[in-house]
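Colleague: For the sequence shown, the numbering used here assigns the number 412 to the initial residue and increments by one for each residue that follows.
It should be emphasised that the hints constitute simulated quantities derived from the structure, not laboratory data. Among the hints, a few may not be true.
[Said to hold, decoys possible] List time: in silico SDA-like cross-link candidates among lysine to any residue, alpha-carbon distance up to 25 angstroms:
{"no.": "1", "residue 1": "K566", "residue 2": "R647"}
{"no.": "2", "residue 1": "K550", "residue 2": "E531"}
{"no.": "3", "residue 1": "K615", "residue 2": "R582"}
{"no.": "4", "residue 1": "K566", "residue 2": "E490"}
{"no.": "5", "residue 1": "K581", "residue 2": "S546"}
{"no.": "6", "residue 1": "K635", "residue 2": "P645"}
{"no.": "7", "residue 1": "K615", "residue 2": "N598"}
{"no.": "8", "residue 1": "K635", "residue 2": "E531"}
{"no.": "9", "residue 1": "K635", "residue 2": "E614"}
{"no.": "10", "residue 1": "K615", "residue 2": "Q594"}
{"no.": "11", "residue 1": "K488", "residue 2": "S548"}
{"no.": "12", "residue 1": "K585", "residue 2": "G565"}
{"no.": "13", "residue 1": "K545", "residue 2": "L624"}
{"no.": "14", "residue 1": "K615", "residue 2": "R625"}
{"no.": "15", "residue 1": "K553", "residue 2": "H636"}
{"no.": "16", "residue 1": "K602", "residue 2": "A613"}
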Amino acid sequence: MASKTICNAPACGQVSRKLASVQSTRSLKISHPSFTLRRSVHRFGQTVVRAGLDSIPGFSSGLKGGPQITRGGNVIKPEDVVLESEAGVDYEPLRDALAAGEFQEADDITRALLIELAGEGARERGWVYFTEVKSISVKDMKTMDDLWRAYSGGKFGFSVQKSIWQQCSKRWPKFFKRINWVQGEQNFYRKWPGEFIYSMDAEKGHLPLTNALRGTELIQAIFKHPAFAEPEKPPRPGAAKGGFDSTSL
Numbered sequence: 412m413a414s415k416t417i418c419n420a421p422a423c424g425q426v427s428r429k430l431a432s433v434q435s436t437r438s439l440k441i442s443h444p445s446f447t448l449r450r451s452v453h454r455f456g457q458t459v460v461r462a463g464l465d466s467i468p469g470f471s472s473g474l475k476g477g478p479q480i481t482r483g484g485n486v487i488k489p490e491d492v493v494l495e496s497e498a499g500v501d502y503e504p505l506r507d508a509l510a511a512g513e514f515q516e517a518d519d520i521t522r523a524l525l526i527e528l529a530g531e532g533a534r535e536r537g538w539v540y541f542t543e544v545k546s547i548s549v550k551d552m553k554t555m556d557d558l559w560r561a562y563s564g565g566k567f568g569f570s571v572q573k574s575i576w577q578q579c580s581k582r583w584p585k586f587f588k589r590i591n592w593v594q595g596e597q598n599f600y601r602k603w604p605g606e607f608i609y610s611m612d613a614e615k616g617h618l619p620l621t622n623a624l625r626g627t628e629l630i631q632a633i634f635k636h637p638a639f640a641e642p643e644k645p646p647r648p649g650a651a652k653g654g655f656d657s658t659s660l
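Turn these sequences into a full structure, and let the hints steer you where they fit.
Modeller: Shown next as structure tokens:
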């Protein structure tokens with residue numbers, strides 16, 4: 412759900428004690444999230460994800476090797492996702508929650524990570540301004556997105572949401588309806604955590620959540636992040652720079 416908030420990354424990347432001690436209050440509206448991380452997000456270095464697919468409720472690993480995601484023609488399996496972070500953030504708690512099919516916990520952790528990565532201001536206020544999104548490193552954004560995509564079989568993730576948004580001609584009402592962030596005949600926006608679906612039964616792109624109650628600046632800033640930039644298309648063979656393309660004649 413999108414709001415004017417998100418995250419910035421600390422120079423030496425440790426998740427603040429303040430975040431680790433905050434209690435998860437799922438009765439609060441998504442616009443004012445509060446979460447508890449089962450374990451601290453305090454580790455440095457890189458770790459390779461190693462977890463099975465069958466632990467995800469409601470998802471069958473019918474494909475050989477489990478869920479796969481594709482980026483640039485390369486197939487990525489959960490065990491191939493490297494937990495990289497320029498901020499020194501530990502992504503094991505997010506990986507473990509996703510591997511266990513605990514999507515609501517994974518959503519809480521993702522939001523907390525965005526707050527941590529967005530910088531001191533975001534950590535102090537407990538949420539992220541849309542202008543702070545650009546300060547999150549490409550490496551950290553991709554790690555979070557790769558984890559979501561890998562452990563949902565390509566169903567969830569920021570890049571998945573961006574693709575759907577583009578398919579909806581970047582029309583927010585159509586996009587929100589497509590990913591089931593609205594309900595009822597009047598398409599009222601879902602506000603409370605309990606109104607969302609935290610399982611593989613959810614619509615494609617339903618997770619992770621981004622606060623959109625106060626506007627779409629935040630989620631749009633995420634979609635425009637360099638981590639999700641469209642790759643440049645190579646020039647067509649025979650296309651002459653500044654001239655005619657003989658292949659099209």
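Colleague: Run every hint past the structure and note whether it holds.
Modeller: Now the hints, each set against the structure:
Simply put, K566 and R647 have alpha-carbon atoms about 32 angstroms apart, too far for the 25 angstroms limit, and the pair is violated. A hinted pair counts as satisfied when its Cα atoms are at most 25 angstroms apart, and K550 with E531 qualifies at roughly 19 angstroms. In summary, the hint linking K615 to R582 is supported, as the alpha carbons are separated by about 17 angstroms, within the 25 angstroms threshold. The suggested pairing of K566 with E490 holds, with an alpha-carbon distance near 17 angstroms, which does not exceed 25 angstroms.
For the hint linking K581 to S546, the alpha-carbon distance of about 24 angstroms falls within 25 angstroms, and the restraint holds. Between K635 and P645 the alpha-carbon distance is near 21 angstroms, which keeps this suggested pair within the 25 angstroms criterion. Only pairs whose Cα atoms come within 25 angstroms are accepted, and K615 paired with N598 is accepted, the gap being roughly 18 angstroms. Between the alpha carbons of K635 and E531 the distance comes to roughly 22 angstroms, so the proposed pair stays at or under 25 angstroms and holds.
The straight-line distance between the Cα atoms of K635 and E614 is roughly 22 angstroms, inside the 25 angstroms bound, and the hint therefore holds. Our distance criterion of 25 angstroms between C-alpha atoms is met by K615 and Q594, whose separation comes to about 16 angstroms. For the given pair, K488 sits about 23 angstroms from S548 by alpha-carbon distance, which is consistent with the 25 angstroms threshold. For the given pair, K585 sits about 21 angstroms from G565 by alpha-carbon distance, which is consistent with the 25 angstroms threshold.
The suggested pairing of K545 with L624 holds, with an alpha-carbon distance near 21 angstroms, which does not exceed 25 angstroms. For the hint linking K615 to R625, the alpha-carbon distance of about 23 angstroms falls within 25 angstroms, and the restraint holds. Distance restraint check for K553 and H636: the Cα-Cα separation of roughly 10 angstroms lies within the 25 angstroms cut-off, and the hinted pair is therefore satisfied. Restraint check for K602 and A613: the C-alpha separation of about 16 angstroms stays at or below 25 angstroms, so the hint holds.
Comparing the model with each earlier hint shows a violation of hint 1 alone; every other hint is respected.
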